[in-house]
Amino acid sequence: MHLIKAIVRPERTDRILSDLMEAGFPAVTKFSVVGRGKQRGIKIGDITYDELQKDLLFTVVKDTDCEYVIRTIMKAARSGDKGAFGDGKIFVTPVVEAYTISSGIKESPDGGMEEVQV
Amino acid sequence: MKEVIAIVRMNRMNQTKKALVEAGITSMTAKEVLGRGKGIVDFSLLKGAEKGFEEAITQLGDSSRLIPKRMISIVVPDGLVEKVVSTLIRVNRTGKSGDGRIFVLQAKESIRIRTGERGEAVLDEV
Numbered sequence: 039m040h041l042i043k044a045i046v047r048p049e050r051t052d053r054i055l056s057d058l059m060e061a062g063f064p065a066v067t068k069f070s071v072v073g074r075g076k077q078r079g080i081k082i083g084d085i086t087y088d089e090l091q092k093d094l095l096f097t098v099v100k101d102t103d104c105e106y107v108i109r110t111i112m113k114a115a116r117s118g119d120k121g122a123f124g125d126g127k128i129f130v131t132p133v134v135e136a137y138t139i140s141s142g143i144k145e146s147p148d149g150g151m152e153e154v155q156v
Numbered sequence: 003m004k005e006v007i008a009i010v011r012m013n014r015m016n017q018t019k020k021a022l023v024e025a026g027i028t029s030m031t032a033k034e035v036l037g038r039g040k041g042i043v044d045f046s047l048l049k050g051a052e053k054g055f056e057e058a059i060t061q062l063g064d065s066s067r068l069i070p071k072r073m074i075s076i077v078v079p080d081g082l083v084e085k086v087v088s089t090l091i092r093v094n095r096t097g098k099s100g101d102g103r104i105f106v107l108q109a110k111e112s113i114r115i116r117t118g119e120r121g122e123a124v125l126d127e128v
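So the protein lines, in turn, are chains A and B. Going by the numbering used here, the residue at position 31 of the first sequence is 69; the numbering climbs one at a time, nothing skipped. Going by the numbering used here, the residue at position 62 of the second sequence is 64; the numbering climbs one at a time, nothing skipped.
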């Protein structure tokens, strides 16, 4: 299991979410963040904007789906054919355990499932 | 050291905070987020909800529109993971879909900014 964190342009979020839905990965969490990248923000005239508005999308997928989801997000988040500065970044972190609260089912990276007693 | 990320219902936050403190986990970070789960929206439900049918409104809990949730992030030593997870499940479970998810990630390092201390000394104790 992997946690995919994607920092994307807010105006692209709707498209990414609908593409993920079509691809069969409906479960996503999003929140808005501000940040800057390697270009140190945007400089317009004398003013540098270094807190650019972005959306952070947060989804956990199986190891086998990881690559596909990353490609789906990348395709939908890229502006134009070549992409542009500010399109964002994707980070992938391994997840050790995942729990569904309503059923108490615990999923392990090896595919094992068990119910947790509380 | 593990990072526990939980996504829970907003109206359960007060109970969750209280239960965590009672379990000895005092430090946490929470954030308002939007999200959706595995549920797929059924438009007849939406219509039903507009007309005010109780059944349709309750079932909309698992729709695919983005729903406001709280995301809690807690970093704990390995020994406390189980306690945190079971506390979170106990408090947040209603049995309906939309109760949320918990993810456990490996954390590499934790540093207290005030003193520069590193490692598990920074975290809640087992």
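Quick caveat, the hints were computed from the structure, so don't treat them as lab data. One thing to keep in mind: the hints can contain errors.
To be verified - Heads up, simulated EDC-like pairs for lysine to aspartate or glutamate below, C-alpha to C-alpha not over 20 Å straight-line: (1) B:98 with A:145; (2) B:4 with A:135; (3) A:144 with A:84.
What the hints assert, rightly or not - Rough simulated footprint, nothing fancy, chain B against chain A, three-plus residues with beta-carbon under 8 Å: (4) 83 to 91; (5) 126 to 136.
Bear in mind the structure is a predicted one, so any value in this text is a computation, not a measurement. Cβ atoms here follow ideal geometry from the backbone N, Cα and C, with glycine treated the same way.
Given coverage of the stretch 126 to 136 of chain A by chain B, checked by CB-CB distance under 8 Å (3 or more): holds (count 6)
Regarding the pair residue 98 of chain B and residue 145 of chain A, is the alpha-carbon distance no greater than 20 Å? Holds - the C-alpha atoms of residue 145 of chain A and residue 98 of chain B are around 19 Å apart, at most 20 Å.
Residue 144 of chain A and residue 84 of chain A: Cα distance at most 20 Å? 54 Å, violated
Holds or violated: are the alpha carbons of residue 4 of chain B and residue 135 of chain A at most 20 Å from each other? Holds, at about 10 Å.
Under 8 Å between beta-carbons, do enough residues of the stretch 83 to 91 of chain A, three at least, approach chain B for the coverage claim to hold? Violated: only 0 residues of the stretch 83 to 91 of chain A have a Cβ under 8 Å from chain B.
Hints 3 and 4 from the list above are not met by this structure, while the remaining hints are.
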